[in-house]
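Q: Sequence:
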Amino acid sequence: MKSSRSFYIAIILFSFLFTSCIEKNSDDPNEVYQLWSGREPEKDVKILKGQYWQSAHFTLEYKMYMELYATQEWIEEFIKINDLKVHTSEIDLPNDAPSWFKPKIGFTAFSSPNDISSIYFVDLKNGYLLFHETQL
Numbered sequence: 335m336k337s338s339r340s341f342y343i344a345i346i347l348f349s350f351l352f353t354s355c356i357e358k359n360s361d362d363p364n365e366v367y368q369l370w371s372g373r374e375p376e377k378d379v380k381i382l383k384g385q386y387w388q389s390a391h392f393t394l395e396y397k398m399y400m401e402l403y404a405t406q407e408w409i410e411e412f413i414k415i416n417d418l419k420v421h422t423s424e425i426d427l428p429n430d431a432p433s434w435f436k437p438k439i440g441f442t443a444f445s446s447p448n449d450i451s452s453i454y455f456v457d458l459k460n461g462y463l464l465f466h467e468t469q470l
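Read in order, the letters of the sequence shown are residues 335 to 470 in the working numbering.
Be careful, since some hints might not be right.
[To be verified] SDA-like, lysine to any residue: derived pairs with alpha carbons at most 25 angstroms apart: (1) K377 with F392; (2) K438 with T405; (3) K383 with S340; (4) K383 with D361; (5) K380 with A404; (6) K383 with P437; (7) K397 with D430; (8) K380 with S423; (9) K414 with K358; (10) K358 with F392; (11) K380 with Y462; (12) K380 with N364; (13) K414 with E376; (14) K380 with T468; (15) K397 with S445; (16) K414 with A404; (17) K459 with F392; (18) K419 with A404; (19) K436 with Y462; (20) K380 with V420; (21) K419 with D378; (22) K438 with P428; (23) K397 with R339; (24) K383 with Q469; (25) K459 with D430; (26) K459 with A443; (27) K377 with L402.
[As the list claims (entries may be wrong)] Pairwise CB distance ranges, derived in the manner of DEER restraints: (28) K419 with L394: 17 to 27 angstroms; (29) E395 with D457: 28 to 38 angstroms; (30) K414 with F441: 46 to 56 angstroms; (31) S340 with K419: 47 to 57 angstroms; (32) D378 with R339: 51 to 61 angstroms.
Don't read these hints as lab results, they were simulated from the structure.
This one's a predicted model, so the numbers in the text were calculated from it and none came from an experiment.
In this text, a Cβ means the ideal position worked out from N, Cα and C, and glycines have one as well.
Let's have the full structure, built from the sequences with the hints guiding it.
A: Shown next, in the form of structure tokens:
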């Protein structure tokens with residue numbers, strides 16, 4: 335009886351460990367948004383392109399690129415919630431960025447003081463955004 339119980343406990347533990355160990359990849363814009371944010375895109379956001387990779391490791395490690403349009407209200411709320419500041423230092427775009435990820439002159443770059451590996455390019459005039467977020 336005792337060895338049977340240990341067997342079942344071991345099965346449960348291994349199941350828990352390995353169910354989250356599946357790499358995730360997506361180029362579907364709405365799925366990328368959902369994997370990144372944990373919810374469907376809001377009505378005031380239009381996702382144009384996306385690329386998402388998440389490691390098979392049990393900790394949350396991911397890279398995300400996204401191109402989107404959003405309302406001014408959504409952008410302001412996003413900047414506020416994430417405590418983003420205007421990025422003033424030099425920006426090196428990642429070598430693995432998708433071909434469509436090309437910030438243009440006139441974009442304002444934002445980043446978090448606590449996370450310099452992620453960068454958000456915003457065209458405040460027309461609500462066009464390019465996001466690159468990394469958590470490794």
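Q: Each of the hints needs a verdict: does it hold here or not?
A: Going through the hints against the structure:
A distance of roughly 32 angstroms separates the Cα atoms of K377 and F392; the hinted pair therefore is violated under the 25 angstroms criterion. For a cut-off of 25 angstroms, the pair hint linking K438 to T405 stands: about 19 angstroms separates their Cα positions. With a C-alpha separation of about 48 angstroms, the suggested pairing of K383 with S340 is violated against the 25 angstroms cut-off. Under the criterion of a C-alpha separation no larger than 25 angstroms, the hint pairing K383 with D361 is consistent with the structure, at around 7 angstroms.
A distance of roughly 6 angstroms separates the Cα atoms of K380 and A404; the hinted pair therefore holds under the 25 angstroms criterion. Between the alpha carbons of K383 and P437 the distance comes to roughly 14 angstroms, so the proposed pair stays at or under 25 angstroms and holds. A C-alpha spacing of about 10 angstroms is found between K397 and D430, which places the hinted pair at or below 25 angstroms, so the restraint holds. Proximity of K380 to S423 is assessed by CA-CA distance (about 29 angstroms); at most 25 angstroms being required, the pair is judged violated.
For the given pair, K414 sits about 29 angstroms from K358 by alpha-carbon distance, which is inconsistent with the 25 angstroms threshold. With a C-alpha separation of about 12 angstroms, the suggested pair K358 and F392 falls inside the 25 angstroms cut-off, and the hint holds. Proposed proximity of K380 and Y462 is supported: the alpha carbons are some 10 angstroms apart, at most 25 angstroms. Of the pairs offered as hints, the one joining K380 and N364 holds, with about 9 angstroms between alpha carbons and a cut-off of 25 angstroms not exceeded.
Pair hint K414 plus E376 holds up; C-alpha atoms about 17 angstroms apart against a cutoff of 25 angstroms. About 21 angstroms separates the Cα atoms of K380 and T468, which keeps this hinted pair within 25 angstroms; it holds. Restraint check for K397 and S445: satisfied, since their Cα atoms lie roughly 15 angstroms apart, inside the 25 angstroms limit. As the CA atoms of K414 and A404 are separated by approximately 15 angstroms, the hinted pair is consistent with the 25 angstroms bound.
Distance restraint check for K459 and F392: the Cα-Cα separation of roughly 40 angstroms exceeds the 25 angstroms cut-off, and the hinted pair is therefore not satisfied. Taken as a hint, the K419 and A404 pair is honoured in the structure, with Cα atoms around 18 angstroms apart against an allowance of 25 angstroms. Distance hint between K436 and Y462 is fulfilled; the C-alpha atoms sit about 12 angstroms from each other, no more than 25 angstroms. For a cut-off of 25 angstroms, the pair hint linking K380 to V420 stands: about 23 angstroms separates their Cα positions.
Under the criterion of a C-alpha separation no larger than 25 angstroms, the hint pairing K419 with D378 is consistent with the structure, at around 23 angstroms. Of the pairs offered as hints, the one joining K438 and P428 holds, with about 16 angstroms between alpha carbons and a cut-off of 25 angstroms not exceeded. Taken as a hint, the K397 and R339 pair is broken in the structure, with Cα atoms around 40 angstroms apart against an allowance of 25 angstroms. Proposed proximity of K383 and Q469 is supported: the alpha carbons are some 20 angstroms apart, at most 25 angstroms.
Proposed proximity of K459 and D430 is contradicted: the alpha carbons are some 28 angstroms apart, above 25 angstroms. Using a Cα cut-off of 25 angstroms, the hinted pair K459 and A443 holds, with the two alpha carbons roughly 14 angstroms apart. Pair hint K377 plus L402 holds up; C-alpha atoms about 12 angstroms apart against a cutoff of 25 angstroms. Checking the proposed 17 to 27 angstroms range against K419 and L394 shows it holds: the Cβ atoms sit about 24 angstroms from each other.
With their beta carbons about 29 angstroms apart, E395 and D457 fall inside the hinted range of 28 to 38 angstroms. Checking the proposed 46 to 56 angstroms range against K414 and F441 shows it is violated: the Cβ atoms sit about 19 angstroms from each other. The hinted window of 47 to 57 angstroms between S340 and K419 holds, with their beta carbons roughly 53 angstroms apart. The given range of 51 to 61 angstroms is respected by D378 and R339, whose C-beta atoms sit roughly 53 angstroms from each other.
When held up to the earlier numbered hints, the structure conflicts with 1, 3, 8, 9, 17, 23, 25 and 30 and fits the remainder.
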